[in-house]
Amino acid sequence: MSDTYSEYSLVTPVDPAMGSPGLACLSHLKECTLPSIDPNSTSAAAETMIRTLAIRKAAGPTRAFPQGLARIFASPSSTGVPTRQLVNGRQRTMGGKSFHTIPARLQATSQSNKQRKADTPADILYSVTEAPVAGSGTVANVTISNPKRLNSMDRDMVKKLTSTLRQLSQQPDIRCLVVQGATTTTKSPSFTSGANIFQMANISSYEEAEDFISGLHEACQAMRDIPVPTIAKINGLCLGGGLEFAAACDFRYATRTSTFSMPETKFGIPSVIEARLLANLIGWQKAKEMVYFARFYSAEDVEPWGLVDKSCKDVQELEEVVHEAVTTISSFGPKAMREQKALCQIWEESDLASGIEAGIHAYARMFQDGGSEPKHYMKAFTERKQ
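The sequence shown begins at 1 in my numbering and counts up by one.
I should point out that these hints are in silico values taken from the structure, not numbers from a laboratory.
Here are the simulated EDC-like cross-link-like pairs (lysine to aspartate or glutamate), alpha carbons at most 16 angstroms apart as the crow flies: (1) K159 with E210; (2) K341 with D250; (3) K310 with E300; (4) K310 with E324.
Restraint ranges, calculated between C-beta atoms of paired labels, are given here: (5) K335 with T265: 39 to 47 angstroms; (6) G370 with K148: 50 to 58 angstroms; (7) E207 with H376: 52 to 60 angstroms; (8) Y292 with T185: 30 to 38 angstroms; (9) R295 with N202: 25 to 33 angstroms; (10) L352 with K148: 43 to 51 angstroms.
Positions of the beta carbon are idealized from the N, C-alpha and C atoms, including for glycine.
Make a model of the complete structure from these sequences and hints.
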């Protein structure tokens, strides 16, 4: 029997001369399978296994990790030793020798945990949390979760996405909505790879095709109907129907390594429904380039077009950018922000004269109650100037 660790744990012998362990850099050790050993064994094999794990990359730079927790790999022995143990403290005696326990850079996961993660059902997850400290109200967070399939969406997921968004749109305290893809079990991160291609491959009639694509349109429309600003937080693949869904959001922030494409013509179908929004975002020529040639682009490629509002160097920067946007949005007048969201959609869908007329009415509505919100937010400025 063996126990596979998808990341790594560190155990190293105490060096009395140093007082703390000098650890080899293990940044490239992503997975290791450990044969069964008895943690109380004094055999050379057991000691070698422990020492090997600790100095797998001896040629690399050394660094010490802070005190904390570490998983000690303890596979079952003939005496029925528990499969694994979580050890507190800085030292532990194993096989008559003292060892420092060092917190793993990434959590170790057993085969059974990996299997549970792989078996995670496809779903649409959401939560409503308090806005950042500088803001007010709440923030809705939606996650497209189909980890085994690059967060692709089948019919049931699309229906649940639509119903979830419609439900959230009715909550009066929401100031902003953020949508993202779940962490995948594949090598590639993904916002969503779009509609489930296996279901599309089995469509066999006009009516079935119309029903399928109408469902995806309803999800995109439900996103557009959210009465507050919406943000697509993109890390990884954003393809086909997934890109159409992202285009239905007000803002798109992405890591630089994220990939964008409208690949439908490659699979014998046109890009449809909210692909029409692409022309509004990036202009007709770039939109035609995307839907005709089915090319793949990085976030840095499409940022100058306006498809991505900001490309971030990594996930950490992406989190910071989204947090800053949410903080700003939630700190402004909530009624004014909802009026502005509705007005922007009218501007997108109507002619110039109609858009201007709608703006006059939106402004006037802010003073129906005597102008309580404008007065509240203008007060800080007017009092400072007196």
